Amino acid sequence: MDNFEPKIVAFCCHYSAYSADLAGSMRLQYPPNVRIIELPCSGTIDHKVLLSAVEDGADGIFVAGCMEGDCHFTRGNYRAKKRVEKVKEILDEIGFGSDRLEMYNVSADNGTRFAEIANEMTERIRSLGPSPFNKKEGDKN
Amino acid sequence: MSANKVGAVLVVGGGIAGIQATLDLVESGYYVYLVEQSSTIGGNMSKLDKAFPTDNSSMSILAPKLVEFGSISSIQYFTNTQISEVAGEAGDFKVKLSQTPNTADTKVCTNYVTPVELPNAGQDISGDDNGKSGDFEVNVGAVILCPGGETFEADQIEYLGYNKYPNVVTSIEFERILRTSDKQSVIRPSDNKKVNKIAWIQCVGSRNIRDEKHYCSCVCCMYAIKEAVCAKQYSDDEVDTSIFYMDMRTYGKDFEKYYEEARDDHGVNFIRSRIYAIEETKDGSNNLLIRYGDDKGEIHHEEFDMVVLSVGFKPSDSAVQLGNNLGIKLNDFNFAETTPFTSVNTSKPGIYVAGIFGGPKDIPETVIEASAAAGASEELLSDVRGTMIQEKTYPPEKDVSGEEPRIGVFVCNCGNNIGGVVNVPKVVESAKALPYVVYSQEFLYTCSQDSQEIIKQKIEEHSLNRIIIASCSPRKLKYYFQETIREAGLNRYLFEMVNIRDQCSFVHMNEPEKATEKAKDLVKLSVNKAGNIESLNEAPVNINPKALVIGGGVSGMTNALNLAKQGYQAHIVEKSDRLGGNARRISTDFNNQDVQSYLNQLVDEVNSNTNIQVTTQASVSKVDGYVGNFVTTLSNNEKIEHGVITIAIGGHEYKPNEYLYNEHNAVLTQLELEEEITANNTRVKNAKNIVLIQCVGSREPDRRYCSRICCNKSVKMALQLQEMNPDANIYILYRDMRTYGFNEENYRKARKQGVIFIRYEVDNKPQVQTDGKDLKVTAVDHILGENITIDADIVGLAAAILPPEDGIKLNQIFNLSLSDEGFYRECPFRGSWGFSHKEMRPVDFASEGIFVAGLAQGPKSIDESIAQAKATASREATILNKNSAKSSGIIAVVQREKCAACYTCARLCPFNAPRIINYAAEIEPILCQGCGICAAECPNKAIILQNYSDVIFTNMVDELYREVH
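Chains A and B, in that order, give the protein sequences. In this text, residue positions in the first sequence follow this note's numbering: the first is 431, and each later residue adds one. In this text, residue positions in the second sequence follow this note's numbering: the first is 38, and each later residue adds one.
By construction, these hints were calculated from the structure, which means they are not laboratory data. Please read all numbers here as calculations on a predicted model, not as lab measurements. Each residue gets a CB set at the ideal place from its N, CA and C atoms; glycine is no exception. Misleading hints may appear alongside valid ones.
Stated by the list, open to error - Cross-link-like lysine-lysine pairs, in silico, PhoX-like; alpha carbons within 25 Å at most:
#1 A:512 with B:978
#2 B:493 with B:551
#3 B:429 with A:478
#4 B:923 with B:429
#5 B:722 with B:810
#6 B:786 with B:810
#7 B:231 with B:84
#8 B:935 with A:478
#9 B:515 with B:435
#10 B:495 with B:435
#11 B:230 with B:319
#12 B:469 with B:493
#13 A:518 with B:319
#14 B:978 with A:511
#15 A:478 with A:518
#16 B:385 with B:429
#17 B:333 with B:935
#18 A:516 with B:978
Said to hold, decoys possible - A short list of chain A residues far from chain B (calculated; beta carbon distances all over 10 Å):
#19 434
#20 437
#21 439
#22 450
#23 498
#24 511
#25 515
#26 519
#27 521
#28 522
#29 525
#30 526
#31 532
#32 553
Kindly produce the complete structure, drawing on both the sequences and the hints.
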């Protein structure tokens, strides 16, 4: 378990992905466990995509949108928040647990916050261990 | 004016004003030369942390504009360049420029950390090798000056201790401290210790008679508040912040709320006191001691960890020299003077000014003026529009539909920025092994000109039909690379960009192996996606070159006239029986210019212009269609077809229900008093005591905004009244005198000439009483702490400016956004995704093709309304000059057979793009901004966001976790 390196998928809106770029410009160091998939708006994310990531064995998943009230498409991030909450409910219901999924808000100019999120999520998933659906890591246990 | 006009404009200064003017002009069909004396563009704005009042990051507003810049072919820009000589006249200027050497090198990465460096900067006019120094000449029809301003040198005021005590910094230095802070603490210069107590000193270099800088710098109150709130937000520990001020001038839209929130929610202390000495404590702590007197005259000593000097603006020496070279008139403070009722015209025809060089102002106002200056230039040069630009031509697009994907992956080393951490050859090798990848190679700099040629060759050689660039942030270079593949005959949407620098090598510098693994993964994801993307069409839409202007006041008429002079049609719809609006009731502006003669001239011009149609006594009852193709039905059943809409429906004066208004006939509103002054009424002329009460109905819980112009107006009226009757006593009862900018001069003059200013607190307002005949006004003199009573002959109330009466009704038709107060809410910093030209839009709405000008957007002066009306025209011209426009390719599309016409999409879309037609939703491509909210919410999954479908994402996730199964 000690050398478990989770693979986390992050669905970032265009603007919050900008904060990830900024973290780079600032040379902030964070664990290399996060893979960003960029969306036009966090409101684009569908329940189905999140659930399929769980099914595929993602150890951790997060969705990042603009700060509340600051969505470039006015309310997309609220839609995303609702969907993430719904999927979390489902994950709890099926006994998978909702901790592996999170919604974050980060503004485009806050590289520090992005690095924090990456750290926080990596730490959280490390302590949770591999996804039960992550067969490769799962086999090791 | 020259008979041989030139369809090009010279823009001087590469700050936000220069950038905005340039973008407006090129989009409207003019060629632009942009000259910047420093080595980078971005100006003052790039030095800021956040921009008030939205608190959006300054750089994230600016950066997308800079991106566009690199992608437009009809701009040539010169850094390190100055104007040496100007000859000629409006329409045909010959301008000599001189460029100092620079080191632009096409082989150097163009997307490196600082976003203000641009690709192809420094190319010189002769098409010679880049960055050759020397003199050259450009021929332009108009010149727009936006050299910006400098901040006041704080060390000139010795007693503030700047440059003497290390912890006294200027506000601009504090911005840098904020920008580079770790967002957990604010660090002071002397010992890098966290600060817990900071003071701001306002009006440093502004409102300063001693230094002959009498004017107010307009922005310092707001930025001090912003900085104080940021300092609190960026610190984990409690930070105590105090702002020492004379008058709190939060007069702009939404500024008053910002001030109240800072005071009441964030706990920023506001102390009304002018500071005359800052000293260091003697204990060696480098803390600072401020001695100040409070309202009651008591003296306090307070210690702070750091002191920020809110420095004002002044024109730079080089700008003054430029102004003198060009022979334009400068005012007493060396700012460029504008001619009355033009906002942007300098004393020399064909030369316009925008931004701080025309007077201190904030960012949105600067952007408005920049657009207005562009609008004025377009008016001057309308007959040569389009003569200097060449439409870029592309080879025909290859049809790759039905072809199997043939993916090319180009991986960037970025010098050593990527290659120093990520093993690039390994990434290339792993890419080659991925499905559909037929070619992969490494570049030292993918963004260099040579690399573009190689990419084009490889597309040809290997019949590539999907291109992936793995390099840096797509925000700057995506469009650039898309151009390359388009030049090679590929649809620009057959492109993916992976950021293995900012999102990989830069953030995992000490873990090269894991970084390489991550880079491989990111490329793998992108290859997977590339296999599923398709060519997208940008739907063309015809544009009807006509504007509907709602409201026939100064704003509406200025807007229509500017458009008409640019050659477009405008139709003004006015509710009342005649043109003129609120301006009919105003005698002079704040500079004592005659409003009525200007207004009559404007009305005549409007009536005689054949491009303008006017319908009075009518209102809008229905609007159909979308940008480029609106059909509006008026209340008289007239139908108008048009391409854009200007909302200029004005505002109106509040009718007070206090201070005996409506009960005593000598209690008048500002406009009523002004009418009596204009009519030279004897009761006003003979009045011995006249009391003007400020903030009547403004800055109250019901109306949490400042009406902006009333302080200036009362001061102006006081001076007028004094002239009518030098013996009259004139009192102005105020809360904060907000005579911003050069209006401070009038305030100073009024004080000097004996107008009596008495400050009151909102919880202890003046009392107006009557015995049935005479009026008595009682107020507390805050210096004496005693009541004073004035036998007033006339009481003038500075009544609030209210939002347009028809705002809500009209809004039901347009479905736009209104502020809590009822003014139209522009979208100052909003924008659509990708590379559209919309990041900063102070006169635009979220809905395409609809614009706002004048009081309907918020209280403002005539000059400010004129600037906004011209800016609106300029923004509209960017649409109207095109015969047809194109939508983005990344839009949502409906599969009709799956649609149940449930209206979910229509309800949720922020841009009103979906409509239900024949029992199914249709999404209007030109309105769709590609956010995908509808696609995700559609209960039946009938909507797909092109190239961002759920299937694409599910496949990507499957691919990412394939190895674990």
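Against the structure, the hints come out as follows:
1. A:512 with B:978: Measuring from Cα to Cα gives roughly 18 Å; hence the hint holds.
2. B:493 with B:551: Judged against 25 Å, a Cα distance of about 32 Å means the pair is violated.
3. B:429 with A:478: Not satisfied, since the Cα-Cα distance of roughly 42 Å exceeds 25 Å.
4. B:923 with B:429: The given pair, whose Cα atoms are some 15 Å apart, holds under the 25 Å limit.
5. B:722 with B:810: holds, 19 Å
6. B:786 with B:810: violated, 33 Å
7. B:231 with B:84: Roughly 22 Å between the alpha carbons, so the hint for residue 231 of chain B and residue 84 of chain B holds.
8. B:935 with A:478: holds, 18 Å
9. B:515 with B:435: Satisfied, since the Cα-Cα distance of roughly 20 Å is no more than 25 Å.
10. B:495 with B:435: Holds. Residue 495 of chain B to residue 435 of chain B sits at ~15 Å (cutoff 25 Å).
11. B:230 with B:319: holds, 18 Å
12. B:469 with B:493: Holds - the C-alpha atoms of residue 493 of chain B and residue 469 of chain B are around 19 Å apart, at most 25 Å.
13. A:518 with B:319: Measuring from Cα to Cα gives roughly 59 Å; hence the hint is violated.
14. B:978 with A:511: Holds, at roughly 19 Å.
15. A:478 with A:518: With a Cα-Cα distance of about 12 Å, the restraint between residue 478 of chain A and residue 518 of chain A holds, given a limit of 25 Å.
16. B:385 with B:429: Not satisfied, since the Cα-Cα distance of roughly 35 Å exceeds 25 Å.
17. B:333 with B:935: violated, 74 Å
18. A:516 with B:978: holds, 18 Å
19. 434: holds, 12 Å
20. 437: Given that some Cβ of chain B is not farther than 10 Å from that of residue 437 of chain A, nearest at about 7 Å, it is violated.
21. 439: violated, 6 Å
22. 450: violated, 5 Å
23. 498: holds, 13 Å
24. 511: holds, 12 Å
25. 515: holds, 14 Å
26. 519: holds, 17 Å
27. 521: holds, 15 Å
28. 522: Residue 522 of chain A is indeed farther than 10 Å from all Cβ atoms of chain B, at 21 Å.
29. 525: holds, 20 Å
30. 526: At roughly 15 Å from the nearest Cβ of chain B, residue 526 of chain A sits farther out than 10 Å, so the non-interface label holds.
31. 532: Residue 532 of chain A is indeed farther than 10 Å from all Cβ atoms of chain B, at 16 Å.
32. 553: holds, 16 Å
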